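Chains as they are written, first to last, in my numbering: chain A, 421 to 758; chain B, 3 to 619.
The hints are simulated quantities; they were obtained by calculation from the structure and are not laboratory data.
All figures in this text were calculated on a predicted structure; none of them were measured in a lab.
Hints are supplied without guarantee of correctness; some may be wrong.
One side only, chain A facing chain B, incomplete, derived with CB under 7 Å [said to hold, decoys possible]:
1. Ile491
2. Arg494
3. Ala497
4. Leu550
5. Asp753
6. Glu756
Stretches of chain A that chain B covers, calculated by requiring three or more beta carbons in the stretch to come under 8 Å of a beta carbon on chain B [to be verified]:
7. 464–472
8. 478–484
Glycine is no exception: its CB is placed at the ideal position from the N, C-alpha and C atoms.
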Amino acid sequence: MSEECELKYTDFKSDLSVRWCAGCGDHAILNAVQKAMANLKVEPHNVAVISGIGCSSRFPYYMNTYGFHTIHGRASAVASGVKVANPNLKVWQITGDGDALAIGGNHFIHLIRRNIDINVILFNNQIYGLTKGQYSPTSKRGFISKTSPYGTVEDPFRPGELTLGARGQFFARTIDKEIKLSIEVMEEAARHKGTSIVEVLQNCVIYNDKTHEAITDKKYKADRTIILQHGEKMIFGVDNDKGLVMDGMDIKTVTIGQDGYTLDDILVHDAYTHHGAMHRKLSNMDFPELPVALGVIRSVKDNVYDVSVEQQLVDVQAKTSITTFEEMVNSGDVWEVE
Amino acid sequence: MMGRSSKVIERDEVVVRFSGDSGDGMQLTGTLFSNTSAVFGNDISTFPDYPAEIRAPQGTIGGVSGFQVHFGHSEVFTPGDYADVLVAMNPAALKANAKWVKHGGTIIIDVDAFDAKNLEKAGYKTDDPITEDKLGDYHIIKAPITNLTKESLKDMGLDNKSILRSKNMYALGLVYWLFNRPMEHTTNYIKKKFAKNPLIVEANLKVLREGYNYGVIIQAVTPSYHINPAAIAKGKYRNINGNIATAWGLIAASKKANLELFLGSYPITPATEILQELSLRKDMGVKVFQAEDEIAGICTAIGASFAGDLAVTSTSGPGLALKGEAIGLAVIAELPLVIVNVQRGGPSTGLPTKTEQSDLMQALYGRNGESPCVVMAASSPINCFEYAFYAAKIAVEHMTPVILLTDGFLANGTQTWKIPDLADYPEIKAKRVAPEDEATWMPYQRDPETYVRSWVKVGTPGLMHRIGGLEKDEKTGGVSYDGENHERMVKYREAKIKYIENNIPEQDILGEPESDLLVVGWGGTFGHLFTAVEELSEEGVHVALAHFNYINPLPKNAHAVLKRYKKILVCELNLGQFANYLRMNYPDIQYRQFNKMQGLPFSVVELKEQFKKLLEE
Ligand SMILES: Cc1ncc(C[n+]2csc(CCOP(=O)(O)OP(=O)(O)O)c2C)c(N)n1
Ligand code: SF4
Ligand SMILES: [Mg+2]
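Pulled out of the complex, with its shape left as it was, chain B reads as follows (with noise of 0.2 Å):
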């Protein structure tokens, strides 16, 4: 690359954030960066932000779609909560995101959209965003980025429609400038894309390039930004989102099991893409129903998993509740089957594309009659890999229905992950009946350590059995109406899953164990309550952190390592579930709480500020 003649900035981790109208390929556009910049070697963490309508009226604030991109040279855990550049296809995009940019950053806007129409669409009174929004401190480039691209693609014997598509090529090219980053992997993209069209190809290239030469002409009076490379372990790397890696670790499972890994599922935003990977992946084998609802998603699941499949449904919170009733007959009937929940704001249909934490208390207790099963959350896009696998795990040993949580922000999140290898996983065994008591052997006899029943599958000579919806004998599974039965199994349905508590790991405690505050999370926040946590401790200021993701049962030590604190702050994005679960599990601790349902993540910034405050008190 070019020698550079103009300032540079150098930084330990930077945030960008790219937007513009849905139908301006940000998405794309943010996914070839961060993608170059994950093999560059930085750690990055990303975030789409997408309108909840497929095609929102075009130029309005509804209708911008963004992606963020946090990478560094150390490790990052959050996507950032503010954008150092922002790229603004058009005054919608500015107008929407300009808050989310840190004072005096650099903010790339497209003049040739800032027409008067256009400023009017997204609400701006005078022709000047810039004065009106106060970004006078900021560090504006304004590109002609449409007038440009036509301009570079007008003998190419293009349509307007093709040319004016390609002009986030060359927004991209400008922000490769911007970061001195190098541009094979985008260009291997493009044409790996576009092959059977090698016209798009030579007008993406074209646009690409040009917009990286935009940045060298203008570099005089443009400061450009220096990352280095993170120091990570050596291995082999990709970018994964939390619901591919959620998809992944469910085949893991089935790998590790050897059983055939089935899915019942029906389409709702966010956790579709579990159901399409799986769908793709019949070179794995799975099988994978696309059923005509919800209900049957999860029953279609329950059969298979009495044929002798790992058993999955997918689904988001108005899904889950359909389920209620069948997650009940597999607490009842005793079969493994897991159920991902990505969560999204609600009640009812809510906010579909945005992110929150409050199905808690529906994956608890949403059920009719006594009927736990176990509830686990996993906390980063990447770690969606290992829950995925260990609810799978935990569901065939325990012979439980098993409610993984995830959510919005974890399941369109992405991260690097170090790639795998299937032999570090344990292996998961099922119980099955041993030839030599096959005799004697009953359908509802258990483990007496475990409660644990044994796995027959339908087709096994000689075990044939029926099982149901109905109380049943403690032993033979034959229809039970006796009171004093009835009892019993609901203690023991009980105690098999409180036993699950010795198979899991003990709750840690991360930041500064020796604090007076002890801040609690579960699920997908903790990147952002541990990167709060440790940029205290750069400040001298002590908390510590204990973030959940085995909810029920709870880690053995949970109330010892409550107990420890002085004061106990519970983040989550509800009205308080987990707090509340706390209180009733261990009501001798105080906890106070800190919530947010804004169908956005926790800032850090908004972190930071609640712990001190705490502390100060």
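If we strip away everything but chain A, and leave its shape as in the complex, we get (with noise of 0.2 Å):
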């Protein structure tokens, strides 16, 4: 078989039915990421899903491909060894919040430092659902829940800024419910060489019912959200008429036509410059003082772990004169007693 060939979405759907929730923004997820990969034509059995603990981490079950539900936190490593072991896999990684930055905090910041190809979904709903809901790293200072009922006195992680921070080469943000924008960086994601980090915006309807609200709905979010493209002018809004533009080392929201601003000042995205400074700044975005960033935010290439580990295996092996077991063990101090 061709590695390439018509496939549609339901061809990456299991028989098992989903489990999630009614009105959970996972649904939308799910639904994306097989669309997505029937876009990019990987057959199913060269597909690996791997997941952590958490109800997102239920994922797996749910594809029909190579699946598995591991340990909570530890997603980033079986992926590591799934991807390093077989690097023609297409290997995929579903985390939640807890998951990803609390348990799995050391692993995941060294899958990006070692930037390994590894698309990794992070379902970022501020929440523990699967254990009914308790505050988590992306909880906001002084965020309600089981565990914080006077309020969490912490600050959360940015996902975009902790993943910038351990040197991340690929990072994207989308929405459950925007299941077009999804696909679209869920696609750019898996094409691009080294860790790829999405974050999925998602709305647990039990827990933590309308977190994102402020800026998803859709009669904020034009004003409330920027879609990034590469090479294309940062412009949002309801009218199309607001712009980003630089003020001294911060961005700011303007509005063409107004200020004496112009189209021409408006900043133009580009995605692909490795310097980390304006996708920090973008990724860091929040309502209510700016848009928040969407799409592919962060796009540049690298090294990648598993292309160099292959590397190295054959530069060693063209040079060595050693080649068997018999010629291992008998190089060095070996003697022969007759």
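Each chain sits in its own coordinate frame; assemble them with the hints.
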């Protein structure tokens, strides 16, 4: 069979019935991933979907691919092993904000640092869903939950900033119900060679309903988010009249045609530059000061771990005089008793 | 070599201990001496003993580094309890090691290092350490090693530091004279090692020769030793330590299984060398992932196993503790995985560079839930090769994690190894899905006899499936919360491990099977237990020995073996973990214990004493 073939998204559906709560954002993400995979034309048997533990991590069971629902926080490590063992596989990692950023934080940053070719879909519902509603490392300061009845007294991680801080070369953001955008972003993530982090703002209807509503609601979305496209002006708003400009060291929102700002003043998005400063500013933009950035914020080519591992094997083997087990055990200080 | 005018002591075996400051190069000196003896045809066993601190304060007891070698003309199984010859490069080395020299033995000291400052640092109260340590009956060779080295190299244009660094070669030369050993091996080593620096080569060789000549000069007053070569089987030989043997056993298994070898690991003493050796073995196609911690070490290995590699993780006690949850994942996922645990003194950071056998219970039970895995133990530096090979074979053929226990003593100790022929080793065959079964295959279908499920590599067309840490349906592998299914699965996983007793050797009895006393040991204590039993046998005292390598499952005949004896003494370097395990498995038998927890192996002397005492009771 060839690498490429016609696939429908239903080819990626397993026969298990999906068990997430009705109205959970995870349904839409599953849908988007299946459609992205069909578009990518990768045969299901060459795909491994690896997850940790959490509501989101049930994901692999619903995929008609190879899947491994591992242990809490360790999906990055298991996925790394799969990919390094067989770099021909397409490896996707499904993880929650707790799974990736709390218990799995160490593996998450090291995966990114190594730049192993894995697509990570980070379901950010700012809550521990599976354990029924405790605050997570992405919950905002003051957030009230079962374990923070008086509000949290800690500040959250911003996944984009963390990714960049760990030398991440691909970061994108999307919203669960924006399936079209999610598909686009996931396809780009999959095509990117190296670790791709896709943060999905996901709604947990049961324990953290409407947590992203201020920006994802239809009524405000256009004014409170901006979809970044490489090479395009950073324009947004219901009337497409708002834009981003630099103001000293900061980004600010302006209205085109007001205060002397014209289209020419508006910033152009460069996702491919390796300089991280602008990407960090963009990924950190937050409501209400600035629109939340969606789309591919950073996508930069760099050395890929699994490729380098293979290359080193080839290089060493081309030079060595030891090619068999016999030669290995007979190398060095060996003597013969006649 | 020159003729000798001095007294020559004929011996079957000799123990030499080199000791000095960490910076004195004693490990290298000891290694060169043992390799020379091995090439000469002696059987050898060595053990390095070095401080946990990389650079402990110079001249202090804490900074003493030692290397002991035991060689003989018949097989030797331990590095020896007590040394016939001690080399002490400074007072601290003498202080730390004098108690390990046989009464009346030979002690070579570098007198130049025995100044007031060093004597004080070593904790001597007088300026006469020989009297203070009651070494009057010993043969003391007071060699001015530092000064003679300086004198010999003074015109070579070397800096002082390089000159002082060569003094270990002076000591080595002197020991070569003592044992009348050829120096070609060492000469070649030095030429190769310092090929880029001819001056250093010249200096080292000069000092080595002068050390030898010093022996010739003092021979009138100094007895030397003569040990015949061992009568050993034809073949090729090398010296190898337990860690390298483990690494190579895993490589051998990957060749026999026709699988790529993957290691996920994080450095930890005394297991690091396995990671280092396998990192070097790109020539053998080994993929090594130095992970961010032990959890990632095992988790990458589990991922690699899912993808179809022969997957291994290596660690020591604290790391095994971190891996616990992931071992459980491998147990429930039923994936092959080898976990090498090189035991050291615990709990916590404990005694990182010292040996102990105290991780047995952790290996057997250190996980949540009913979580059986195979536990086995190597028992000599060289048989780490065998047991690593069989650990991999069992893991692959029985779809289970296997914990292989070695320890600091085996890991760092060396023995002479007859290089094996891979053709003599069995094939390793994974259970795969036959093409005709593909249509009806289910991920957790088992072989009705062995309970083994089949191993499907990710990437195989048509056999996509999902696995995970949640309990699964006994056939489909889908998530199942059904209580009865769970109970069946718990029992299947247990039975799968139990079945392996059919594929491992029966427990044999060494020493004198017809005895009232059966000594029981496991793992790294074999050499000492066996030597004690053999020596007693030569003295007409009959003791039997059952030394275990397979712990879970135990050999099928283990109960019958134990049942035959009146008295059973379980000897181990912990508080009695194996004894308790046997009590639990075979409660109808009485067990006595002999335990030691000093970070050291047993001594043959103390074992013999115990055995005799028990026989007299
Ligand atoms: C070692 C371990 N600790 C704790 C848990 C309990 N636990 C399961 S999922 C989870 C948090 C899940 O949150 P997140 O990763 O955000 O996933 P979500 O359910 O929100 O999708 C916790 C604490 C566990 N399964 N294992
Ligand atoms: S608890 Fe929340 S995250 Fe979990 S399935 Fe229900 S809605 Fe989704
Ligand atoms: Mg969450």
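Subject >> 8 Å C-beta criterion, at least three residues: is the stretch 478–484 of chain A covered by chain B >> reply: holds (count 4)
**OP:** Report holds or violated for the interface hint on isoleucine 491 of chain A, using the least CB-CB distance to chain B and a cut-off of 7 Å.
**Re:** holds (5 Å)
Subject >> Hinted contact leucine 550 of chain A with chain B - closest CB pair below 7 Å >> reply: This hint is violated: leucine 550 of chain A lies away from chain B, its Cβ roughly 12 Å from the closest one there, beyond 7 Å.
Subject >> chain B contact restraint on arginine 494 of chain A - CB to CB distance below 7 Å >> reply: holds (4 Å)
Subject >> chain B contact restraint on glutamate 756 of chain A - CB to CB distance below 7 Å >> reply: holds (5 Å)
Subject >> Hint validity - aspartate 753 of chain A Cβ closer than 7 Å to any chain B Cβ >> reply: holds (6 Å)
**OP:** Identify whether the interface hint at alanine 497 of chain A stands, where standing means a beta carbon of chain B within less than 7 Å of its own.
**Re:** holds (3 Å)
Original post:
Are at least 3 residues of the stretch 464–472 of chain A within less than 8 Å of chain B when you compare beta carbons?
Top reply: holds (count 5)
Of the numbered hints stated above, the single one contradicted by the structure is hint 4.
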